[in-house]
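Novice: As a plain string of letters, each chain reads:
Number of protein chains: 2
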Amino acid sequence: MIMEKGISSVEVLPSKSSQVTAVKVVVKEPETKQTQRGKRVGFVLVHAGAGYHSESKAKEYKHVCKRACQKAIEKLQAGALATDAVTAALIELEDSPFTNAGLGSNLNLLGEIECDASIMDGKSLNFGAVGALSGFSLAAFKRNKRKLELAEKVETDLIQLKKRRQSNEKVIDSGTLDTVGAVVVDQEGNVAAAVSSGGLALKHPGRVGQAALYGCGCWAENTGAHSPYSTAVSTSGCGEHLVRTILARECSCALQTEDAHQALLETMQNKFIGSPFLANEDGVLGGVIVLRSCRYSSEPESSQEKRTLLVEFLWSHTTESMCVGYMSAQDGKAKTHISRLPPGAVAGQSVAIEGGVCRLESPES
Amino acid sequence: MIMEKGISSVEVLPSKSSQVTAVKVVVKEPETKQTQRGKRVGFVLVHAGAGYHSESKAKEYKHVCKRACQKAIEKLQAGALATDAVTAALIELEDSPFTNAGLGSNLNLLGEIECDASIMDGKSLNFGAVGALSGFSLAAFKRNKRKLELAEKVETDLIQLKKRRQSNEKVIDSGTLDTVGAVVVDQEGNVAAAVSSGGLALKHPGRVGQAALYGCGCWAENTGAHSPYSTAVSTSGCGEHLVRTILARECSCALQTEDAHQALLETMQNKFIGSPFLANEDGVLGGVIVLRSCRYSSEPESSQEKRTLLVEFLWSHTTESMCVGYMSAQDGKAKTHISRLPPGAVAGQSVAIEGGVCRLESPES
Numbered sequence: 001m002i003m004e005k006g007i008s009s010v011e012v013l014p015s016k017s018s019q020v021t022a023v024k025v026v027v028k029e030p031e032t033k034q035t036q037r038g039k040r041v042g043f044v045l046v047h048a049g050a051g052y053h054s055e056s057k058a059k060e061y062k063h064v065c066k067r068a069c070q071k072a073i074e075k076l077q078a079g080a081l082a083t084d085a086v087t088a089a090l091i092e093l094e095d096s097p098f099t100n101a102g103l104g105s106n107l108n109l110l111g112e113i114e115c116d117a118s119i120m121d122g123k124s125l126n127f128g129a130v131g132a133l134s135g136f137s138l139a140a141f142k143r144n145k146r147k148l149e150l151a152e153k154v155e156t157d158l159i160q161l162k163k164r165r166q167s168n169e170k171v172i173d174s175g176t177l178d179t180v181g182a183v184v185v186d187q188e189g190n191v192a193a194a195v196s197s198g199g200l201a202l203k204h205p206g207r208v209g210q211a212a213l214y215g216c217g218c219w220a221e222n223t224g225a226h227s228p229y230s231t232a233v234s235t236s237g238c239g240e241h242l243v244r245t246i247l248a249r250e251c252s253c254a255l256q257t258e259d260a261h262q263a264l265l266e267t268m269q270n271k272f273i274g275s276p277f278l279a280n281e282d283g284v285l286g287g288v289i290v291l292r293s294c295r296y297s298s299e300p301e302s303s304q305e306k307r308t309l310l311v312e313f314l315w316s317h318t319t320e321s322m323c324v325g326y327m328s329a330q331d332g333k334a335k336t337h338i339s340r341l342p343p344g345a346v347a348g349q350s351v352a353i354e355g356g357v358c359r360l361e362s363p364e365s
Numbered sequence: 001m002i003m004e005k006g007i008s009s010v011e012v013l014p015s016k017s018s019q020v021t022a023v024k025v026v027v028k029e030p031e032t033k034q035t036q037r038g039k040r041v042g043f044v045l046v047h048a049g050a051g052y053h054s055e056s057k058a059k060e061y062k063h064v065c066k067r068a069c070q071k072a073i074e075k076l077q078a079g080a081l082a083t084d085a086v087t088a089a090l091i092e093l094e095d096s097p098f099t100n101a102g103l104g105s106n107l108n109l110l111g112e113i114e115c116d117a118s119i120m121d122g123k124s125l126n127f128g129a130v131g132a133l134s135g136f137s138l139a140a141f142k143r144n145k146r147k148l149e150l151a152e153k154v155e156t157d158l159i160q161l162k163k164r165r166q167s168n169e170k171v172i173d174s175g176t177l178d179t180v181g182a183v184v185v186d187q188e189g190n191v192a193a194a195v196s197s198g199g200l201a202l203k204h205p206g207r208v209g210q211a212a213l214y215g216c217g218c219w220a221e222n223t224g225a226h227s228p229y230s231t232a233v234s235t236s237g238c239g240e241h242l243v244r245t246i247l248a249r250e251c252s253c254a255l256q257t258e259d260a261h262q263a264l265l266e267t268m269q270n271k272f273i274g275s276p277f278l279a280n281e282d283g284v285l286g287g288v289i290v291l292r293s294c295r296y297s298s299e300p301e302s303s304q305e306k307r308t309l310l311v312e313f314l315w316s317h318t319t320e321s322m323c324v325g326y327m328s329a330q331d332g333k334a335k336t337h338i339s340r341l342p343p344g345a346v347a348g349q350s351v352a353i354e355g356g357v358c359r360l361e362s363p364e365s
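Residue numbers (the numbering used here), protein chains in the order written: chain A, 1 to 365; chain B, 1 to 365.
Worth flagging that the hints you see were computed from the coordinates, not collected in a lab.
All figures in this text were calculated on a predicted structure; none of them were measured in a lab.
Just so you know, not all the hints are guaranteed correct.
Given that identical chains are not distinguished, each listed pair holds provided it fits within a single copy or across any two copies.
[What the hints assert, rightly or not] Straight-line C-alpha distance at most 30 Å; calculated DSS-like pairs for lysine-lysine: (1) Lys333 / Lys203; (2) Lys271 / Lys123; (3) Lys123 / Lys203; (4) Lys203 / Lys62; (5) Lys123 / Lys59; (6) Lys123 / Lys335; (7) Lys333 / Lys66.
Please work from the sequences and hints to get the whole structure.
Specialist: Have a look at this one:
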C-alpha cells in the first residue's frame, strides 16, 4: 500500500445560521511506507461514533477502533469478502463497553437494551437490518462495570430528563450518540458497510433509529453502469437527523462526482445542516465515514491494466468529535484518530472533514 | 370543482425483459359538474392496495375506498388540515376486513397480527411510523368472519408454504399485497400522505415492510424554495421492492418536473421495474398513488391571483390490479375504480398508469 497525500481542507462554511464558524482542518495523514505483509489487498475504515469523546476516554475509543480494524483485515487477508470483514469489525465494536452498541448499548426508559443495526453488501445490493432488537437481560450485563453504573444511573437520569422536559429545555446530549460503524473494500473491489447502535439514552421502548433504516445508517454500492465508483458509507449521530435526510444514501449518490472531498462537504452542508427537513432544528448532529474506490491503471500501456485499486476515504462530522480508525490489508497496524471541531466552532452548525487516499496494488503486479 | 380531461396514456414499455407487454390505458375520467357543497376545498385519493382484486370482491373494495374518501372529505369540509383528513381515511381503510391493514391484516407465521403504518405531513415534513406493531389478540378478531377463516387457514398455509420453499418454487402471491393508503391536499394547499399494512401473509414475526419505513411507504412535501409543486405519495405492493427503491420519495422527487404523467411513468419504468436494486427479481410488484398540486392564476391580471389550486392525481401499478377512490370537497360522492393491467400484460414487468386533473377554486373567487 502506498499512502497518498492526505486530503487537506480549508473551508468557510456558509449555512442557515449566521453564527456558523469557519472550520479549518488539515489532515495529519502521514506519508508512510509499509512493508507488504499479506497477499490480499483491502481496506477498512471504522468509527466509534460521532458525538463527544472526552480526552480521558480517548485511549479506549482508539483502542477499540484499532482492534476492529485488525479483525476486519484478518478476514480480508484470509480471503474473505467485504461483508464478512465488515461484520468482524462490527462485532469487535459492539463488544466494547465504551461504545453505544451491543454490549455497551444505552439503556431505554425501562432500563433495557434495544439495539438497531444494519449491513449492506455493495455487490448484491442486499440489505439486512434489525430494529429495537431486545431480549437482552440487564442482569447479564451487570458484571460489566459501565453497564452497572448506567443501570444505577437510569433512575436518576429519568428524573432529570422528566424535569428537563417539563421545563422545555433543549437537551443535546451529544455524548450519547456513539453509534459504531465500518466500511470495507475487499480484494475484488466489492464494498460493504455496516452500522450498529444502542440508540438514544433513555429512549422510549421500541424507538428505532437510523442504524436500522434503509438508506439512513449505512449504504454500499459497487460500481455499475451509471456509477464510476464503488461507495460505502456509515453514519452516526442524532438518529432523527440522519433518517430525515437519508444521509447514507445521499452521501453515496454525491460521491459519484469527481471530487469526493468537495462532494461530501457539500452534502454535509446542503443536504444535512442546510436540509429543509431539519429547518426547525437548533443544531444538526451527525457524522459519516465514507469510502470510495475504483480500479485504475497507472501505466496505460501496461498489461497490468486496472490491477490497482484507488481508495479514497473520508470522515466528516458536525458533532464535537468523531473517533475513527483505518487500515489496509498491507499495513502493520491500524491508525486511529479523534477528529474534533476546531476551538470556537459550534457543534450542529459546523462541519469538519478529513480523509486520505491510498492505492492498493495487487502483489503480483 | 371542475374536472379536467382525464390523462390518457398509450405506452409501449421497454424494460429489462423482452417479454414486456405494451400497456394501453385510457382514463375513464368523466367530465362531470358537481354543485358546490362545502365552503372548503380539498381533495383525497385513496387506495385499497396494489395486488390482485377479484371481480367477486370488487364491490367491497370499492365500497371501502368510497367510505374512506368520504371520511377524509368530511374532515376537510370541517376545516381540518391534510394530516387529520388523511388519518380519517386510513382509519376507515384499516377497519375493513377486506383490506390487509388494521382489522383485516394478514397473519404472520405465528397466526398473529403485526402492523406497519406511517404518516407524513408535507407542511412540517414530520414523519411518524410504527413497525411490526403487535399486541392484537387474535381472539378479539374471531368474530370477524374473514379473520376466522384466515386463522383456520394458517396451519394449512404454513404447511404449503414450507413445501413451496423446500421445492424452491417462486411464489408471487400478489393477492396478499393489499396495503392501504391515502394522499390529501387541504384548503391551504398542504399535502399529507399515509400508508398502513398488515404485511406479507405468513411473514416472519417482526418483519417490517415499506409501510413503516421513511421514504418507502409514503411521502408528502409542500412546495418549497426548490419545489414548484406540493407532492404526496403512498405505495403498495411487495415491501422489499418498495423499500429497496425508496419508491415514495423517488416518485415525489420525479414529480417536480413539468409533466407529472411522464415523470411517474419513467419512475415506474426506470427506478422501479428497471432498478439495479431489483435486477435479480423475476417481477417487480408495486403500485403508487400520487397527488401534486400548485396554486395558479387563470387570470393573470386578476386580484384573485393564486386562488385556484390545480391538483393532478395519478395511480400506477405493475401488479394485476389496484383499487382506488378519489373525491373533492365539492363532490357529492367519491369515485372508485379498479385499475387493471390489460389482458396479456405480465404483472411485475408492465406498468399501468391512469389519473386525472382537477381545479379547486375557493368559493369566494
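Novice: Determine for every hint whether it applies to the structure shown.
Specialist: Here is how each hint holds up against the structure:
no., hint, result
1, Lys333 / Lys203, "neither (37 Å within a copy, 45 Å between copies)"
2, Lys271 / Lys123, "both (26 Å within a copy, 18 Å between copies)"
3, Lys123 / Lys203, "between (35 Å within a copy, 26 Å between copies)"
4, Lys203 / Lys62, "within (27 Å within a copy, 42 Å between copies)"
5, Lys123 / Lys59, "neither (35 Å within a copy, 46 Å between copies)"
6, Lys123 / Lys335, "within (27 Å within a copy, 46 Å between copies)"
7, Lys333 / Lys66, "within (8 Å within a copy, 66 Å between copies)"
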